[in-house]
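Visitor: Given next are the chains, with one letter for each unit.
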Amino acid sequence: MKNFTSVHDVPDIPKLVNEAVEIKKYPLQNTTLGTHKTLGLIFLNPSLRTRMSTQKAAYNLGMNVIVMNMDKDSWALETREGVIMDGDKAEHAKEAVAVMGEYCDIIGVRSFPGLKDKEADYREEMLNIFLKYVGIPVVSLESATRHPLQSLADLVTIEELKKTKKPKIVLSWALHIKALPQAVPNSFAEWMLAAGHDLTITHPAGHELSEDFTRGAIIEYDQSKALADADFVYVKNWSSFNDYGAVSNRFPDWTFDGKKHSLTNEAKVMHCLPVRRNVVISDEILDGTHSVVIQQAGNRVFAAQAVLQTMLEEME
Amino acid sequence: MKNFTSVHDVPDIPKLVNEAVEIKKYPLQNTTLGTHKTLGLIFLNPSLRTRMSTQKAAYNLGMNVIVMNMDKDSWALETREGVIMDGDKAEHAKEAVAVMGEYCDIIGVRSFPGLKDKEADYREEMLNIFLKYVGIPVVSLESATRHPLQSLADLVTIEELKKTKKPKIVLSWALHIKALPQAVPNSFAEWMLAAGHDLTITHPAGHELSEDFTRGAIIEYDQSKALADADFVYVKNWSSFNDYGAVSNRFPDWTFDGKKHSLTNEAKVMHCLPVRRNVVISDEILDGTHSVVIQQAGNRVFAAQAVLQTMLEEME
Amino acid sequence: MKNFTSVHDVPDIPKLVNEAVEIKKYPLQNTTLGTHKTLGLIFLNPSLRTRMSTQKAAYNLGMNVIVMNMDKDSWALETREGVIMDGDKAEHAKEAVAVMGEYCDIIGVRSFPGLKDKEADYREEMLNIFLKYVGIPVVSLESATRHPLQSLADLVTIEELKKTKKPKIVLSWALHIKALPQAVPNSFAEWMLAAGHDLTITHPAGHELSEDFTRGAIIEYDQSKALADADFVYVKNWSSFNDYGAVSNRFPDWTFDGKKHSLTNEAKVMHCLPVRRNVVISDEILDGTHSVVIQQAGNRVFAAQAVLQTMLEEME
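Residue numbers (UniProt numbering), protein chains in the order written: chain A, 1 to 316; chain B, 1 to 316; chain C, 1 to 316.
Don't read these hints as lab results, they were simulated from the structure. Check the hints yourself; a few may be wrong.
Straight-line Cα separation of at most 25 Å, PhoX-like style, residue types lysine-lysine; simulated pairs [what the hints assert, rightly or not]:
#, chain 1, residue 1, chain 2, residue 2
1, C, 94, B, 178
2, A, 178, A, 116
3, A, 178, B, 94
4, C, 178, A, 94
5, C, 259, C, 225
6, A, 37, A, 24
7, B, 24, B, 37
8, A, 94, A, 118
9, C, 89, B, 72
10, A, 37, B, 37
11, A, 178, B, 89
12, C, 25, A, 37
13, C, 259, A, 94
14, A, 116, A, 94
15, C, 15, C, 165
Covered stretches of chain A, as calculated for chain C (at least 3 residues, CB under 8 Å) [as the list claims (entries may be wrong)]:
#, stretch
16, 35 to 44
17, 100 to 106
Simulated restraints, written as ranges between beta carbons of each label pair [what the hints assert, rightly or not]:
#, chain 1, residue 1, chain 2, residue 2, range
18, C, 243, B, 29, 57 to 63 Å
19, B, 83, C, 9, 55 to 61 Å
20, B, 75, A, 284, 21 to 27 Å
21, B, 26, C, 9, 30 to 36 Å
22, B, 2, C, 72, 31 to 37 Å
23, C, 22, A, 76, 35 to 41 Å
24, C, 11, A, 11, 51 to 57 Å
25, C, 8, B, 9, 51 to 57 Å
For glycine and all other residues, C-beta sits at the position ideal for the given N, C-alpha and C.
In isolation and in its complexed conformation, chain A is listed as follows (with noise of 0.2 Å):
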């Protein structure tokens, strides 16, 4: 595995998911497989779960970590090519990244969406730029498009919940007041469709995902239809991805809720947080016994473990 930045980039993905188990039964298995060895997580954007969860990660693996907070840290970076930087960039990611890959042996980095120009978002530019000038293995910490840690998680806490081999899983939007990246719900879709599992999503039209993310997925508009005999819901908002990166707050009624959840077979609820109560989900949902967001969030750690280990043993 010689990136993580997508479902794609991973050989095995049952065999991913296992190791992750495992290590959270037995997190210091391989304390000096890291010894002498640097992770950079360059971070254009804020981060709690990924900035702490990834950093336990390398520390169980004896890992040193060097964490920089690009623009308050030091600079922006510009991603153009051919400009003439005599605007408020005072470098070129090309310079910076490659400068990143002598300091470090794997890199995570974390670069939003700008929920603007759609193909350029869809282009990846800035995850790309790390991919071509780097040098070392590349570890999304989420990018314009998608949040592969996030659902690696979420499939190790699916397979740690299910009562069948075959739980029904839905995919549901909820209100937000604010425009958020589509990356979350695109990469849980092609993880779970990946892992061969039955997906249903649900949103109110013109809410549709990429079907590059999507397809194979059951798309229900019906969130009752949706939710009936779910097994495991995933609440989540994100900006409308065909009028490219448009806010809905038209659908009040998508607030996650204990009626809606009567209508499910006492499915968990599953969240990537950080969650707005009582606009995303109810208090009712979060404070009840079917939430099961703090246990995701505690998996990204064996998550981004697995992954760095894997990267680790074949640097061996």
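Use these hints to put chains B and C onto chain A, whose structure you have.
Guide: Same frame as chain A, but now just chains B and C:
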């Protein structure tokens, strides 16, 4: 010692002070106690001494450290119950804190008061969310009403320097230009009294601290009388507790200078830092031989290390 | 080597360069030299290369690292003597620095010039407060007038690449849009001259550097003449020293491009980064085979490691 948020969490004060003194002599006697354990340091407010000294203490015990600047590295947290989160707070502290608990073995948190709403501040909302939801031991890095790591370091400093069993200790209000919390004086008072020391507090009328912290101290409004024969003077500004958060610059003669020092018994002059020179304390005193402010700051490492060591030992 | 703030602190330049070259071959030969020692990295200004490479160097020696972004992690520092601190600076550098010295074994500090007051900048106020009050070895991470870690890495790079004992080295001014410090060119000049190299400096009239740094170099105002037969060209903008801090965009033809390069002896092109493409240096050069800017940046690790190693050895 499950948590360390006030002197009331300490089962045996002299024992903890002794441990800090021993650690100062031999700081590297327990360098494997914290191996593979992670300390999370969560800053909702700025920090220099606490940030650096607590990291150093953790390293001396072999721990890993994850530092998290909330607001700068991630986003602001909601603390109110039952609110519809459609404002500027992207995550509820309940989730954020529970997640942090998944990634760390001990957590430190700094959360200053707003100084607008006395009841809210003295209720210690943020600290209590950590205590309720984090699921691992909590170390206060200064909360709305207390700064126990500072007070422990202060007590260690006094033990190192006292020439008699019962030195006269004076806490003296000082001039300032901004509204400062009552946390340091509250904490200093309750630690000195709990340690069995005689404490005199002097301040202008209107700057009384809460009796919950000062019960047992002598309150002396006449600063000259208070300073007479003092062996230690802890100089510190705090905003009004009664007229909550009010700043007083009506008392220009409360800057602590050589003339005031001459009233004392060659007192050691203490301050928690940062200190505004020639507003709170004069250059003459800070650059003179009676100031022990750097020694106090240095002792922050050993105070933190004694606390972390006690917690780690109880985990074994 | 008590401190590392300029070439004048280095007792034996060839020895230090050799050590860096050896460390590059075997970076992990001294992984326990820094065990239980802490490096503090204090940034009063942004940093990417220095931040990451110095951390990496410290980890290679087994040190712990505490990174502190002044202003962002804490607050701004006063440097003036005798001032009544009733303004926006909450702490005097004297206290802050003395306290940092309590928590670290070696301290690095970055403090850029203001570029308003030449005398204040060239007096190196902040660096000197560190040297006076910190009580432990100081490594400059770029001060108002010098960047010695960069210059050492530059010298290592030249030693690696030179084909003759006395290559022709040219420091060439370049166009920019902002007022940049003279620290890098000052430092490069004094290191090259101290190492016994022949140095030619070329710049438009009005961009003379201080003779304190360039004494012994050839100053050639005609860039074409300067570039003739050059083996190394160090391209760098700096604001005016005489008309202190002034920016010149009156010299658009000072962008270093292929045409200028063709005047040289297939010169290696150097820059300390970050570099504004097509303002300072053209894409053609930066993406071509003569650019060694990434190699220079990579050598920052070994330069820092040689300095830290020397300091740690002298502590034993």
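Visitor: All hints are to be evaluated individually against the structure, with a verdict given for each.
Guide: Results for each hint:
Annotation: proposed proximity of residue 94/C to residue 178/B holds, straight-line Cα distance about 21 Å (limit 25 Å). The straight-line distance between the Cα atoms of residue 178/A and residue 116/A is roughly 14 Å, inside the 25 Å bound, and the hint therefore holds. This hinted pair checks out: residue 178/A and residue 94/B have alpha carbons roughly 21 Å apart, not beyond 25 Å. For the given pair, residue 178/C sits about 21 Å from residue 94/A by alpha-carbon distance, which is consistent with the 25 Å threshold.
Proposed proximity of residue 259/C and residue 225/C is supported: the alpha carbons are some 14 Å apart, at most 25 Å. Distance check on the hinted pair: residue 37/A and residue 24/A sit about 22 Å apart at the alpha-carbon level, within 25 Å; holds. Annotation: proposed proximity of residue 24/B to residue 37/B holds, straight-line Cα distance about 22 Å (limit 25 Å). Under the criterion of a C-alpha separation no larger than 25 Å, the hint pairing residue 94/A with residue 118/A is consistent with the structure, at around 22 Å.
This hinted pair checks out: residue 89/C and residue 72/B have alpha carbons roughly 21 Å apart, not beyond 25 Å. Restraint check: the Cα-Cα separation between residue 37/A and residue 37/B comes to about 19 Å, which is no more than 25 Å; the hinted pair holds. The suggested pairing of residue 178/A with residue 89/B holds, with an alpha-carbon distance near 12 Å, which does not exceed 25 Å. For the proposed pair residue 25/C and residue 37/A, the alpha carbon gap of about 16 Å is at most 25 Å, so the pair holds.
Proximity of residue 259/C to residue 94/A is assessed by CA-CA distance (about 23 Å); at most 25 Å being required, the pair is judged to hold. With a C-alpha separation of about 23 Å, the suggested pairing of residue 116/A with residue 94/A holds against the 25 Å cut-off. Of the pairs offered as hints, the one joining residue 15/C and residue 165/C holds, with about 17 Å between alpha carbons and a cut-off of 25 Å not exceeded. Here's how the stretch 35 to 44 of chain A fares: 3 of its residues keep a CB closer than 8 Å to some CB of chain C, so the rule of at least three is met and the hint holds.
For the stretch 100 to 106 of chain A, the stated coverage by chain C is satisfied: 4 residues place a CB nearer than 8 Å to a CB of that chain, which reaches the threshold of 3. The hinted window of 57 to 63 Å between residue 243/C and residue 29/B holds, with their beta carbons roughly 59 Å apart. Distance hint check: the CB atoms of residue 83/B and residue 9/C are about 58 Å apart, consistent with the given range 55 to 61 Å. Between residue 75/B and residue 284/A the C-beta distance comes to about 24 Å, which sits within the given range of 21 to 27 Å.
Roughly 33 Å separates the CB atoms of residue 26/B and residue 9/C, a value that falls within the hinted 30 to 36 Å. Remark: the range hint 31 to 37 Å for residue 2/B to residue 72/C is upheld by a beta-carbon distance near 33 Å. Range check, residue 22/C to residue 76/A: Cβ separation about 37 Å, and the 35 to 41 Å hint holds. In this structure the supplied range 51 to 57 Å holds for residue 11/C paired with residue 11/A, their Cβ-Cβ distance being about 54 Å.
Taking the beta carbon of each, residue 8/C and residue 9/B are about 52 Å apart, inside 51 to 57 Å as hinted.
Consistency with the previously given hints is maintained throughout, with no hint failing.
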